[in-house]
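S.K.: For this one, chain A is given, so just place chain V on it according to the hints.
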Amino acid sequence: MFHSKVFVTLKKSILDPQGKAVEQGIHSLGFESVGNVRIGKYIEMDIDTDLQEDAERMTKQISEKLLANLVMESFSFTTELVQE
Amino acid sequence: MEKVKIGVVVFPGSNCDHDAQYVAETIMGQDVRLIWHKEGSLGDVEVVILPGGFSYGDYLRCGAIARFSPVMKDVVRFANSGGLVIGICNGFQVLTEAGLLPGVLLRNKSLLFICKYLHLRVENANTKFTNTCTQGEVLEIPIAHGEGNYFTDPETLVRLEENRQIVFRYCDPTGQLTDEANPNGSINSIAGIINETGNVLGMMPHPERVSDPVLGHTDGRKIFDSIIKSFVLQQV
Chain A
0 MFHSKVFVTL KKSILDPQGK AVEQGIHSLG FESVGNVRIG KYIEMDIDTD
50 LQEDAERMTK QISEKLLANL VMESFSFTTE LVQE
Chain V
0 MEKVKIGVVV FPGSNCDHDA QYVAETIMGQ DVRLIWHKEG SLGDVEVVIL
50 PGGFSYGDYL RCGAIARFSP VMKDVVRFAN SGGLVIGICN GFQVLTEAGL
100 LPGVLLRNKS LLFICKYLHL RVENANTKFT NTCTQGEVLE IPIAHGEGNY
150 FTDPETLVRL EENRQIVFRY CDPTGQLTDE ANPNGSINSI AGIINETGNV
200 LGMMPHPERV SDPVLGHTDG RKIFDSIIKS FVLQQV
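Just so you know, the sequences run in chain order A and V.
Numbering that gives the first Met the number 0 numbers the first residue of the first sequence as 0 and each following residue consecutively.
Numbering that gives the first Met the number 0 numbers the first residue of the second sequence as 0 and each following residue consecutively.
With the rest of the complex left out, here is chain V:
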């Protein structure tokens, strides 16, 4: 199989861009390119990663200014034409600001920046980003954010639930949804959502931080495995 061409967008202030590149290139063995935010075109990439970090210093609101970066026009075009886009942490915030995903990420309920391992339940294993997981599987993936408190209006929330667009929820190690297991106050314990057409995923946890076996955990790799598997399936 040919390598999947993956582009990692680099905003000023991105700081998980090289981690994402390392995992996609070295661990997954794919063809990866960093794309500076001033580039007007994504080129011929097949997957776009919007990485974690603090684009534009989180000025005004997280992701608010990054969405006006020149490259974002092409990211929106790419997403609207069905291209796979995954936004991790700050990338998720950028996707909501750009209108590619509904809702918004508010300050954590505790007002604290939280950096720790926690558990996620896979709510929909039938997506291009989770097809190597099983339904209800519990993954251990860390978060590192101050603004991850997902919020949306009640109508949108009903739609997200009905369309099974909620892909990950925070849970305890046994997969139970509890208030204690919800680190930031996210509505319905939401940790990650997908758009209606299933090609744009945003998640606050960092799969790229748990993909190299050297680091002790490899649950994050399933997300990257799934993306690549979706291309294999396409070719069959």
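This is chain A alone, in the form it adopts within the complex:
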């Protein structure tokens, strides 16, 4: 069994108004040295297979076809073996 963690973020070229709003909140909190706040999504899942390669291939396909919209988002992921 493998466990994948997928991170989906807006591409750098896309304005992230939500990140901007949170950044203002961070500044109001007193952390004025913080910048470039971006909001993304985190998705985790278990994949029932014995091969790391398979788990990674599936995670990549799922991310490309469903979890991220590549017009506006990019993604990264990690896939680790979990003991059953």
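None of these hints come from the bench; they were simulated from the model.
One should not assume that every hint holds.
[Stated by the list, open to error] Not close to chain A: a few residues of chain V, all C-beta gaps over 10 Å, as computed: (1) Glu-1; (2) Arg-60; (3) Val-75; (4) Leu-110; (5) Gly-135.
[To be verified] Derived pair list, reagent style BS3-like, types lysine-lysine, alpha-carbon separation capped at 27 Å: (6) A:Lys-40 to A:Lys-59; (7) V:Lys-108 to A:Lys-19; (8) V:Lys-72 to A:Lys-64; (9) V:Lys-228 to A:Lys-64; (10) A:Lys-10 to V:Lys-2; (11) V:Lys-228 to V:Lys-37; (12) A:Lys-40 to A:Lys-4; (13) V:Lys-37 to A:Lys-19; (14) V:Lys-108 to A:Lys-11; (15) V:Lys-108 to A:Lys-64; (16) A:Lys-59 to V:Lys-72; (17) A:Lys-40 to V:Lys-115.
Here a beta-carbon is modelled for each residue, glycine too, at the ideal position from N, C-alpha and C.
M.R.: Only chain V this time, still in chain A's reference frame:
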């Protein structure tokens, strides 16, 4: 003339499906059927409406999960064989997710859900969805969305402009394109686009909400009139 057969797809979370059905059936007098998203086939419909709403609760991204509904396979087949498809609001989002229209609809620049009447300029009156409008005509049609900020890469944008695929732009009451008249930050004030072959239209404003005279405005009816007129023209 025979009635046009119109199918309105119903996803879990669609909420403008019955409005679209009411307008097409009662106001326009056509033959309308609601199609549950689990149906594998559209049947013999000649026009497909993907209605507004919050399909699958807008989980993940607007329209992202709806595009995998069983019926969408047949919608893609229908669209690729030249069938008329109109996606309104959430329907537009589903069409972009399904790859039937380019680009994507981002969160509104203001982060607010905006529900109000506004003005649209008809940029291309030579489509099957706008043939009863005049070029440059200003329509008053409401929007109601939180994610309507149209975005696409610069190459696609050039192509959309060159092919006259931008059908509607947000404008002020006199037809001028201004930043104030653009409610959501859409690139080039885009409110609606059509595919290259001219049979798939996506628009964020809701024509079905302004088609019954009882509601005070009827500009939306022109979209439905145009669709029906395109069938009349076909028969001549």
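S.K.: Now tell me if each hint is right for this structure.
M.R.: For each hint, the structure was consulted:
1. Glu-1: For Glu-1 of chain V, whose nearest Cβ neighbour in chain A is about 40 Å away, the distance exceeds 10 Å, so it holds.
2. Arg-60: violated (6 Å)
3. Val-75: Val-75 of chain V clear of chain A: closest Cβ-Cβ about 14 Å, beyond 10 Å.
4. Leu-110: Non-interface label on Leu-110 of chain V violated, nearest chain A Cβ at 5 Å vs cutoff 10 Å.
5. Gly-135: holds (30 Å)
6. A:Lys-40 to A:Lys-59: Between Lys-40 of chain A and Lys-59 of chain A the Cα gap is close to 15 Å, so the pair holds against 27 Å.
7. V:Lys-108 to A:Lys-19: The given pair, whose Cα atoms are some 11 Å apart, holds under the 27 Å limit.
8. V:Lys-72 to A:Lys-64: holds (15 Å)
9. V:Lys-228 to A:Lys-64: violated (37 Å)
10. A:Lys-10 to V:Lys-2: violated (47 Å)
11. V:Lys-228 to V:Lys-37: violated (31 Å)
12. A:Lys-40 to A:Lys-4: holds (10 Å)
13. V:Lys-37 to A:Lys-19: With Cα atoms ~39 Å apart, Lys-37 of chain V and Lys-19 of chain A exceed 27 Å; violated.
14. V:Lys-108 to A:Lys-11: Distance of about 16 Å is within 27 Å: holds.
15. V:Lys-108 to A:Lys-64: holds (26 Å)
16. A:Lys-59 to V:Lys-72: Roughly 23 Å between the alpha carbons, so the hint for Lys-59 of chain A and Lys-72 of chain V holds.
17. A:Lys-40 to V:Lys-115: With Cα atoms ~30 Å apart, Lys-40 of chain A and Lys-115 of chain V exceed 27 Å; violated.
In terms of the numbered hints stated before, the structure departs from hints 2, 4, 9, 10, 11, 13 and 17, listed from lowest to highest.
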